[in-house]
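Could you slot chain G with the ligands onto chain W? The hints should help.
Heads up: the sequence lines are chains W and G, in that order. Position 147 (the first sequence) corresponds to 152 in my numbering; numbering is contiguous. Position 94 (the second sequence) corresponds to 412 in my numbering; numbering is contiguous.
The hints are simulated quantities; they were obtained by calculation from the structure and are not laboratory data. Heads up, some of the hints might be wrong.
[As the list claims (entries may be wrong)] Here are the computed lysine-lysine pairs in the BS3-like style, where the Cα-Cα straight-line distance is at most 27 Å:
1) Lys514/G / Lys282/W
2) Lys282/W / Lys19/W
3) Lys562/G / Lys322/W
4) Lys187/W / Lys47/W
5) Lys514/G / Lys392/G
6) Lys562/G / Lys543/G
7) Lys562/G / Lys282/W
8) Lys341/G / Lys297/W
[Stated by the list, open to error] Coverage of chain W stretches by chain G, computed from C-beta distances (three or more under 8 Å per stretch; other residues unrestricted):
9) 114 to 125
10) 188 to 198
11) 243 to 255
12) 289 to 302
[As the list claims (entries may be wrong)] Here are some chain G residues pointing at chain W (derived, C-beta under 7 Å):
13) Gly478
14) Thr480
15) Thr528
16) His529
17) Ile545
18) Met550
No experiment lies behind these values; they were computed from the predicted model shown. For every residue, glycine included, the Cβ atom is placed at its ideal position computed from N, Cα and C.
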Amino acid sequence: MVLVFAESVNGKFKKAAFEAVTYGYQTAQLMGLSCAALVLGKAADAGELGKYGAAKVHHLANDQLNNLDSQVYAAVIAAAVEQLGAQVVVLSHTSTGKSILGRLAVRLDAGSVPGANALPTYTDGVFAVSKPVFSGKAFAHIAITSPVKLVSIMGNSLPPAIVGDAVAVTPLEVPVPASRIKIISVSRIEGTTPLPEAELVVSAGRGMKGPENWGIIEELAKELGATTACSRPVSDVGWRPHHEHVGQTGITVRPNLYIAAGISGAIQHLAGVNSSKTIVVINKDPEAPFFKAADYGVVGDLFEVVPRLTEAIRKHKQHA
Amino acid sequence: MKLLVCVSKTPDTTTKITFNGDKTQLDTTGIQYIMNPYDEWYALVRAIELQEAEGGSVTIINVGGAENDSIIRKGLAIGADAAVRIDTESGSSLDVAKQIAAYAKDQGFDIVFFGKETIDYNGSEVGAMVAELLEMPFISYASKLEMNGDAATINRDIEGGTEVIEVATPFAVSAAKGMAEQRIPNMKGIMTAKRKPLEVLAPVATTDFTHVVSYEMPSAKSAVKLIDPENMDELVRLLSEEAKVL
Ligand SMILES: Cc1cc2nc3c(=O)[nH]c(=O)nc-3n(C[C@H](O)[C@H](O)[C@H](O)COP(=O)(O)OP(=O)(O)OC[C@H]3O[C@@H](n4cnc5c(N)ncnc54)[C@H](O)[C@@H]3O)c2cc1C
Ligand SMILES: Nc1ncnc2c1ncn2[C@@H]1O[C@H](COP(=O)(O)O)[C@@H](O)[C@H]1O
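Just chain W, with the same shape it has in the complex (with noise of 0.2 Å):
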């Protein structure tokens, strides 16, 4: 059986829950298994995760997992793979998939592939999946050789896709061990697409010459939808907050696509958005190397082109 750790935040599952379960029911598929999810702490729609896939959903609904303590969730999880005799184990490479997945090897003395980035191939028995290694710049295909096979998959891998219809929920019963951490706060920024999660990625530089300039890049991504970002030196200075900054240092994105305006396109700034699906570039400077990893390239001053651009969405639009 493949099993799939979905997660969710406040009881509502994320969209890498959908796709995790769209991933291990394609695993599972491939391999002639069936699907399952599990599901830890408050979740108001379980079920639902049968229309990705999931035969059966697992439910251990203890008021102790609502926050993650990787600890606490990998004895959980662990006990569930023992329980429920899974082959595969499917998570997010979310900052809550990576905290759990390295303890879960260590635990079940199983093989794991960190941010998996598409379906593993499973011929004459051996079960091998990819993963952008050096920051991007290349792939690994990698085999696990163990009994059980953990694998955690990046986000924006493959789109959720409904094969089926909601199932009853399971409840699971496994000890949950006592807590050796205390959570004092999470917050949120609300409203917005978390980065990592953005399917529509609006970015500025240097380019900008101030913060007070960027005004047309936050109009361009409210008519997109999109989630505003930035490159390093520009939240370093403080124009931008630290939140926004992608690159090789900062957040890696892998957006449908990412548009950049007034960037250089800096090796270590393309290490943290190259795996993008597209990628637009505007930029005054023909040669500015960020036009070698574009898809679409504007060589134009942004003070122009991007309030331009917002008009021809919104356009674009009234038209659809």
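Chain G with the ligands in isolation, oriented as in the chain W frame:
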């Protein structure tokens, strides 16, 4: 406080990456190696700051061959007190973690520091593995860590927000941007680093459950399509009809 910082080496980001003929190994000719930035800038510097404020010692540990000694010496020059290298060409993350845990098990470290991830493997899993092996709580992606007595208050980066967590020693933590400011080793640091102890230990036996079948380069991007800056309607049309992202 007794602090352990796990440091790894990685090719410099600007290095061009190529693979050997059968594409199962990195071609290391001409590669410039550096200390993994998250380990150096954030984990190591925060550990040194805590040692400066509260006393105790900072030990760095690396799992790898003798060619890593220059990176370890740099860590000593930045301010660590002692270093340990487990002498093995490490295979999987699990192997690395087992080596670190075998060393750390009986040493009574209060905090074990990691970088949030290596910039070559991008695994983000060794920290969690060591924490599990040592049966410690693990706080990942810490952007701030303050001690008050035996307890630490840690800010943990999550998607679009922050968690504030309290945890008592011993624990493991992985460091992200914000935790500290990069320190450049000075002349005195470099000189004293030469006299600081660097212990080389034999590895424990482990089993690998993963191996690289092959490496691949991403398919080459087709040349950029340039759009007339006066004609953003055309860009929107392409994004909608060709790229299908709108
Ligand atoms: C170890 C290390 C890690 C790093 N990590 C990161 C990271 O995570 N993320 C990151 O972003 N950087 C990172 N950097 C920094 C990186 O090397 C670059 O310095 C940085 O990305 C440059 O930012 P920028 O493109 O905004 O600015 P610049 O390089 O100054 O580029 C500004 C661009 O704007 C264009 N421009 C100016 N005016 C206009 C206009 N009116 N219209 C259109 N275009 C205009 C210019 O032609 C230029 O190309 C790192 C560096 C190091 C050494
Ligand atoms: N060979 C190694 N020796 C010592 N520490 C390591 C080694 N590899 C990884 N680490 C530590 O584990 C962290 C996470 O690595 P990774 O799981 O590869 O992303 C790194 O930032 C280091 O702190």
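**OP:** Against chain W, run the beta carbon of Met550/G and see if the smallest gap drops under 7 Å.
**Re:** 4 Å, holds
Original post:
Counting residues of the segment 289 to 302 of chain W whose CB is closer than 8 Å to a CB in chain G, do you get three or more?
Top reply: holds (count 7)
Subject >> Given pair status - Lys282/W, Lys562/G, alpha carbons within 27 Å >> reply: Judged against 27 Å, a Cα distance of about 10 Å means the pair holds.
Subject >> Pair hint outcome, Lys562/G versus Lys543/G [Cα-Cα no greater than 27 Å] >> reply: OK: Lys562/G and Lys543/G at ~15 Å, within 27 Å.
Subject >> Proximity test - 8 Å, beta-carbon atoms, the segment 188 to 198 of chain W to chain G, at least three hits >> reply: holds (count 9)
Subject >> Proximity test - 8 Å, beta-carbon atoms, the segment 114 to 125 of chain W to chain G, at least three hits >> reply: It holds: at least three residues are needed, and the segment 114 to 125 of chain W offers 7 whose Cβ sits within less than 8 Å of chain G.
Subject >> Restraint outcome when Thr528/G is required to lie within 7 Å of chain W by C-beta distance >> reply: Because about 4 Å separates Thr528/G from the closest Cβ in chain W, which is inside the 7 Å limit, the hint holds.
Subject >> Restraint check for Lys341/G with Lys297/W, where alpha carbons must lie at most 27 Å apart >> reply: 25 Å, holds
Original post:
Given the proposed pairing of Lys282/W with Lys19/W, does the C-alpha separation stay at or below 27 Å?
Top reply: 21 Å, holds
Original post:
Hint check: is the beta carbon of Gly478/G less than 7 Å from a beta carbon of chain W?
Top reply: 3 Å, holds
Subject >> Agreement of hint Thr480/G with chain W interface, Cβ distance less than 7 Å >> reply: Where the cut-off is 7 Å and the nearest Cβ of chain W is about 5 Å from Thr480/G, the hint holds.
Original post:
According to a criterion of three or more residues whose C-beta lies within less than 8 Å of a C-beta of chain G, is the segment 243 to 255 of chain W covered?
Top reply: n = 6 at 8 Å, threshold three: holds.
Going through the hint list in order, the structure does not satisfy hint 1, though it satisfies all others.
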